[in-house]
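Under our numbering, the first residue of the sequence shown is numbered 3, with each subsequent residue one higher.
These are calculated hints, taken from the structure and not from any lab test. No experiment lies behind these values; they were computed from the predicted model shown. Among these hints, one or two may not hold up.
Straight-line alpha carbon distances no greater than 25 angstroms define the calculated SDA-like cross-link-like pairs of lysine to any residue that follow [stated by the list, open to error]:
| id | residue 1 | residue 2 |
| --- | --- | --- |
| 1 | K145 | A72 |
| 2 | K191 | G174 |
| 3 | K191 | E170 |
| 4 | K136 | L157 |
| 5 | K136 | R55 |
| 6 | K191 | G203 |
| 7 | K191 | V165 |
| 8 | K136 | P103 |
| 9 | K136 | K154 |
| 10 | K49 | T30 |
| 11 | K154 | E61 |
| 12 | K145 | N161 |
| 13 | K136 | R111 |
| 14 | K171 | S152 |
| 15 | K80 | A208 |
| 16 | K191 | T201 |
| 17 | K154 | N71 |
| 18 | K171 | N198 |
| 19 | K154 | Q59 |
| 20 | K171 | T201 |
| 21 | K80 | R182 |
| 22 | K136 | L196 |
| 23 | K80 | A39 |
| 24 | K49 | G74 |
| 25 | K80 | L206 |
| 26 | K154 | F67 |
| 27 | K194 | A183 |
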Amino acid sequence: MTGSCQLDRMSGMEKISSGEYNRGMNDTRSLLARGLATLNLDVGDEKTNTLLRYIGQIETWNPAFGLVNASGDDLLIKHILDSLAPWYLLRGLLEECDRSPAIIAEGRRATLSDIGTGAGLPGIPLSIILGDRKLRLIERMGKRISFLESQKALLRLDNVEIVESELEKAPGPLDIVVFRAFRPFSELKLFKILWNNLTPGGALFAYKGKLLNAKIEVS
Numbered sequence: 003m004t005g006s007c008q009l010d011r012m013s014g015m016e017k018i019s020s021g022e023y024n025r026g027m028n029d030t031r032s033l034l035a036r037g038l039a040t041l042n043l044d045v046g047d048e049k050t051n052t053l054l055r056y057i058g059q060i061e062t063w064n065p066a067f068g069l070v071n072a073s074g075d076d077l078l079i080k081h082i083l084d085s086l087a088p089w090y091l092l093r094g095l096l097e098e099c100d101r102s103p104a105i106i107a108e109g110r111r112a113t114l115s116d117i118g119t120g121a122g123l124p125g126i127p128l129s130i131i132l133g134d135r136k137l138r139l140i141e142r143m144g145k146r147i148s149f150l151e152s153q154k155a156l157l158r159l160d161n162v163e164i165v166e167s168e169l170e171k172a173p174g175p176l177d178i179v180v181f182r183a184f185r186p187f188s189e190l191k192l193f194k195i196l197w198n199n200l201t202p203g204g205a206l207f208a209y210k211g212k213l214l215n216a217k218i219e220v221s
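Work the whole structure out from these sequences, hints included.
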């Protein structure tokens with residue numbers, strides 16, 4: 003199943019950011035609950051509280067670390083919910099990768115690797131939702147590594163491994179690799195390296211905006 007996958011997730015995000023979501027809703031918990039429902043995610047109070055705590059941590063440390071260019075509802079919609087939008091596809095890819103001969107031979111389950119994770123997006127929200135799945139956050143900037151390590155401890159993300167590495171030298175295993183707000187596909191050298199380092203049966207999964215824009219980027 004070696005391949006690449008790209009999702010046009012804008013339709014779901016447009017539902018979340020329009021209509022009733024734009025009527026002055028100030029309750030972050032309520033907005034998060036509505037967004038999760040839109041994505042068909044029923045995660046329970048514990049995971050909801052962990053997501054809210056992570057949002058609060060980004061808000062607190064964003065001025066010092068320059069993590070994201072968003073706050074408030076924009077942070078929740080454009081970063082947290084957007085990170086979770088393809089959860090069902092990613093779960094399916096991981097389960098399919100579990101059945102690949104290379105993974106079976108090693109006696110393990112497939113790992114999700116978030117390349118250039120920055121503030122932990124999409125990796126940390128996904129690690130909360132896919133709590134029984136090992137997830138690796140790969141980042142080259144030491145300042146952001148410090149933030150990620152603090153979040154792993156604070157949020158008790160025992161399924162998360164943090165890797166400080168140049169992206170071109172990211173250590174394996176690279177089973178399912180995701181990247182968001184990352185380099186354009188035109189940087190072929192990097193993507194060829196990642197592609198060649200994939201575990202047999204693995205996949206690259208790109209978070210991109212509208213599908214048309216992604217097609218233009220790779221044309």
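Checked hints:
1. Between K145 and A72 the alpha-carbon distance is near 19 angstroms, which keeps this suggested pair within the 25 angstroms criterion.
2. Proximity of K191 to G174 is assessed by CA-CA distance (about 18 angstroms); at most 25 angstroms being required, the pair is judged to hold.
3. Straight-line distance between C-alpha atoms of K191 and E170 comes to about 9 angstroms, which keeps the hinted pair within the 25 angstroms bound.
4. With a C-alpha separation of about 15 angstroms, the suggested pair K136 and L157 falls inside the 25 angstroms cut-off, and the hint holds.
5. Taken as a hint, the K136 and R55 pair is honoured in the structure, with Cα atoms around 21 angstroms apart against an allowance of 25 angstroms.
6. Under the criterion of a C-alpha separation no larger than 25 angstroms, the hint pairing K191 with G203 is consistent with the structure, at around 21 angstroms.
7. Proximity of K191 to V165 is assessed by CA-CA distance (about 21 angstroms); at most 25 angstroms being required, the pair is judged to hold.
8. Proximity of K136 to P103 is assessed by CA-CA distance (about 19 angstroms); at most 25 angstroms being required, the pair is judged to hold.
9. Using a Cα cut-off of 25 angstroms, the hinted pair K136 and K154 holds, with the two alpha carbons roughly 13 angstroms apart.
10. Distance check on the hinted pair: K49 and T30 sit about 14 angstroms apart at the alpha-carbon level, within 25 angstroms; holds.
11. About 16 angstroms separates the Cα atoms of K154 and E61, which keeps this hinted pair within 25 angstroms; it holds.
12. Proximity of K145 to N161 is assessed by CA-CA distance (about 22 angstroms); at most 25 angstroms being required, the pair is judged to hold.
13. For the proposed pair K136 and R111, the alpha carbon gap of about 8 angstroms is at most 25 angstroms, so the pair holds.
14. Between K171 and S152 the CA atoms are separated by roughly 24 angstroms; this keeps the pair inside 25 angstroms, and the hint holds.
15. At most 25 angstroms may separate the alpha-carbon atoms for a hinted pair to count; K80 and A208 meet this at roughly 16 angstroms.
16. For the given pair, K191 sits about 18 angstroms from T201 by alpha-carbon distance, which is consistent with the 25 angstroms threshold.
17. Between K154 and N71 the alpha-carbon distance is near 22 angstroms, which keeps this suggested pair within the 25 angstroms criterion.
18. At most 25 angstroms may separate the alpha-carbon atoms for a hinted pair to count; K171 and N198 meet this at roughly 12 angstroms.
19. At roughly 12 angstroms between alpha-carbon atoms, K154 and Q59 fall within 25 angstroms of each other, so this suggested pair holds.
20. For the suggested pair K171 and T201, the alpha carbons sit about 15 angstroms apart, so the restraint of at most 25 angstroms is met.
21. Restraint check: the Cα-Cα separation between K80 and R182 comes to about 12 angstroms, which is no more than 25 angstroms; the hinted pair holds.
22. Under the criterion of a C-alpha separation no larger than 25 angstroms, the hint pairing K136 with L196 is consistent with the structure, at around 19 angstroms.
23. Proposed proximity of K80 and A39 is supported: the alpha carbons are some 16 angstroms apart, at most 25 angstroms.
24. A threshold of 25 angstroms between alpha carbons decides the hint, and for K49 with G74 the separation of about 19 angstroms falls inside it, so the pair holds.
25. About 22 angstroms separates the Cα atoms of K80 and L206, which keeps this hinted pair within 25 angstroms; it holds.
26. Distance check on the hinted pair: K154 and F67 sit about 16 angstroms apart at the alpha-carbon level, within 25 angstroms; holds.
27. Using a Cα cut-off of 25 angstroms, the hinted pair K194 and A183 holds, with the two alpha carbons roughly 18 angstroms apart.
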